[in-house]
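Note that the protein sequences, when read in sequence, are chains Y and R.
One point on numbering: in our numbering, the residue at position 117 of the first sequence is 117, and numbering is uninterrupted.
One point on numbering: in our numbering, the residue at position 123 of the second sequence is 123, and numbering is uninterrupted.
Please note that the accuracy of each hint is not assured.
Cβ-Cβ distance ranges computed for the label pairs, FRET-style [to be verified]: (1) Ala44/R - Glu78/Y: 34 to 44 Å; (2) Ala179/R - Ala111/Y: 31 to 41 Å; (3) Glu107/Y - Glu182/R: 52 to 62 Å; (4) Glu161/Y - Val177/R: 46 to 56 Å; (5) His141/Y - Met79/R: 30 to 40 Å; (6) Leu23/Y - Ala71/R: 28 to 38 Å; (7) Thr134/Y - Leu122/R: 52 to 62 Å; (8) Ile102/Y - Leu122/R: 29 to 39 Å; (9) Leu31/Y - Ala34/R: 38 to 48 Å; (10) Val55/Y - Leu113/R: 17 to 27 Å; (11) Val177/R - Pro69/Y: 30 to 40 Å; (12) Asp120/R - Ala111/Y: 46 to 56 Å; (13) Ala71/R - Val54/Y: 29 to 39 Å; (14) Glu161/Y - Leu159/R: 21 to 31 Å.
These aren't lab readings, by the way, just hints derived from the structure by calculation.
In this text, a Cβ means the ideal position worked out from N, Cα and C, and glycines have one as well.
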Amino acid sequence: MRVANDPGDSAGAAGPYAELFRLQNEFQTRLAEETLRYLRRLQGTLGPAAPGTVVLPDSGGEVTASGIPGGSATLRLEVENLQRMHCVLTPLLSPLVAESGITWFPEVELAPGWQLLAPQETADLALTLRLPATLPPGKYHGALLLQGFRQGALPVAVTAEAPPKPRKTAAAGKRRRTGRGR
Amino acid sequence: MSSAAVTPRVRLADAPDEGRTTATLVASLAARLATLHVISGSTAIASLVQGFAALGREVSRSAEGARLRQALERGRAGMNGDALWTALRLGDWTAGVPPSPVLDQLRNDLALLLAGDLEDTLALLPIPGQPAGAGGAADDGAATFLDCTLGLWAFSRELVHAVEALAAPTLPDAGEVVASPEPAAEATGPLLR
């Protein structure tokens with residue numbers, strides 16, 4: 001069989017070896033990419049470890065709070081550092097989603113926002129959420145993220161209660177009764 | 001306003017096979033510095049960029065991070081940043097490079113600065129370090145401009161808090177006036193009359 005190297009030759013451009021060369025070229029390219037990726041991953045496994053922190057929830061329950069729209073709700077959490085070294089606590093709250101599909105990006109006031117925990121120290125976290133006056137009542141679910149920790153997310157549920165109906169005052173009731181009597 | 005009657009409690013513990021002690025943190029820091037001699041500057045910076053991007057992705061899950069991200073995406077900075085990122089092929093450069101655990105490293109270094117037994121531990125050097133293992137090979141995909149920007153924001157915020165916390169116990173009050181302990185001898189000498 002004749003193999004031509006002339007681009008104008010029809011046997012070279014569309015001949016039986018053209019597809020073979022293309023496949024071989026693609027294979028070599030892919031092989032080089034995958035080898036490089038593998039070597040980089042290997043490099044990552046051989047790199048120095050940075051000891052980290054894991055979060056162990058005590059009961060697995062969710063952090064809950066409730067409030068009325070226009071008011072506020074406070075999520076409270078107790079965190080104990082069991083490690084032998086100081087630990088840093090940076091809590092963050094994810095967007096909250098109601099069953100109706102409404103997503104609420106809460107305005108959060110953290111106390112403290114950033115906490116340095118000594119070994120065996122326990123800290124009380126308080127996250128105060130301002131409930132917008134326009135927030136529809138319902139239960140909103142999300143997560144409390146403890147930044148930088150492995151498995152550092154705790155389920156959160158915030159209930160926006162329906163605002164109480166205005167109560168009738170005694171004077172208003174008397175006025176109404178008087179009016180009816182006339 | 002009301003809150004739950006029972007306050008939920010969580011405990012922070014060492015990751016399996018990764019105890020946080022002064023010795024392991026010193027070993028980790030020393031190994032990190034030693035690694036710089038055997039990898040290229042490009043790889044080191046790409047690993048840091050991947051680390052910031054991973055942190056940016058994590059912080060984007062929070063309400064505050066998501067708001068910032070949305071704002072950046074809508075503005076000119078986001079578009080120009082993406083254009084630069086694509087034109088300079090920064091995504092290709094960092095793709096596949098293992099992310100550096102920048103936040104863990106910062107927190108571990110901070111813990112070392114507060115360790116009570118650091119001097120005794122330093123006397124034990126060199127301490128063999130542990131390899132990162134499977135956790136170090138996590139492939140988080142290509143870093144993007146927004147991931148990296150948000151990661152830098154979160155990291156910087158953490159760094160500012162850390163430095164302020166370290167200085168807080170001995171920080172003098174702002175506006176403090178300190179008198180000189182005693183007048184200099186030259187001030188009263190005959191040459192200055």
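Hint by hint, here is what the structure shows:
At about 40 Å, the CB distance of Ala44/R to Glu78/Y agrees with the hint of 34 to 44 Å. With their beta carbons about 38 Å apart, Ala179/R and Ala111/Y fall inside the hinted range of 31 to 41 Å. At about 55 Å, the beta-carbon gap between Glu107/Y and Glu182/R stays in the expected band of 52 to 62 Å. A hinted range of 46 to 56 Å for the beta carbons of Glu161/Y and Val177/R is consistent with their spacing of about 54 Å.
Between His141/Y and Met79/R, the C-beta spacing of about 33 Å keeps the proposed range 30 to 40 Å intact. For Leu23/Y and Ala71/R, the Cβ-Cβ distance of about 48 Å falls outside the hinted range of 28 to 38 Å, so the restraint is violated. The hinted range of 52 to 62 Å is satisfied by Thr134/Y and Leu122/R, whose Cβ atoms lie roughly 58 Å apart. For the pair Ile102/Y and Leu122/R, the supplied restraint of 29 to 39 Å is violated, since their beta-carbon distance comes to about 55 Å.
For the hinted restraint 38 to 48 Å between Leu31/Y and Ala34/R, the CB-CB distance of approximately 32 Å leaves it violated. Range check, Val55/Y to Leu113/R: about 24 Å between beta-carbon atoms, so the 17 to 27 Å window is met. Val177/R and Pro69/Y have their C-beta atoms about 50 Å apart, which leaves the hinted 30 to 40 Å range violated. Judged by the Cβ atoms, the range 46 to 56 Å given for Asp120/R and Ala111/Y is violated: they are separated by roughly 37 Å.
Distance hint check for Ala71/R and Val54/Y: the Cβ-Cβ separation is about 33 Å, which falls inside the suggested range of 29 to 39 Å. Between Glu161/Y and Leu159/R the C-beta distance comes to about 40 Å, which lies outside the given range of 21 to 31 Å.
Going down the numbered hints, you'll see the structure goes against 6, 8, 9, 11, 12 and 14, while the others check out.
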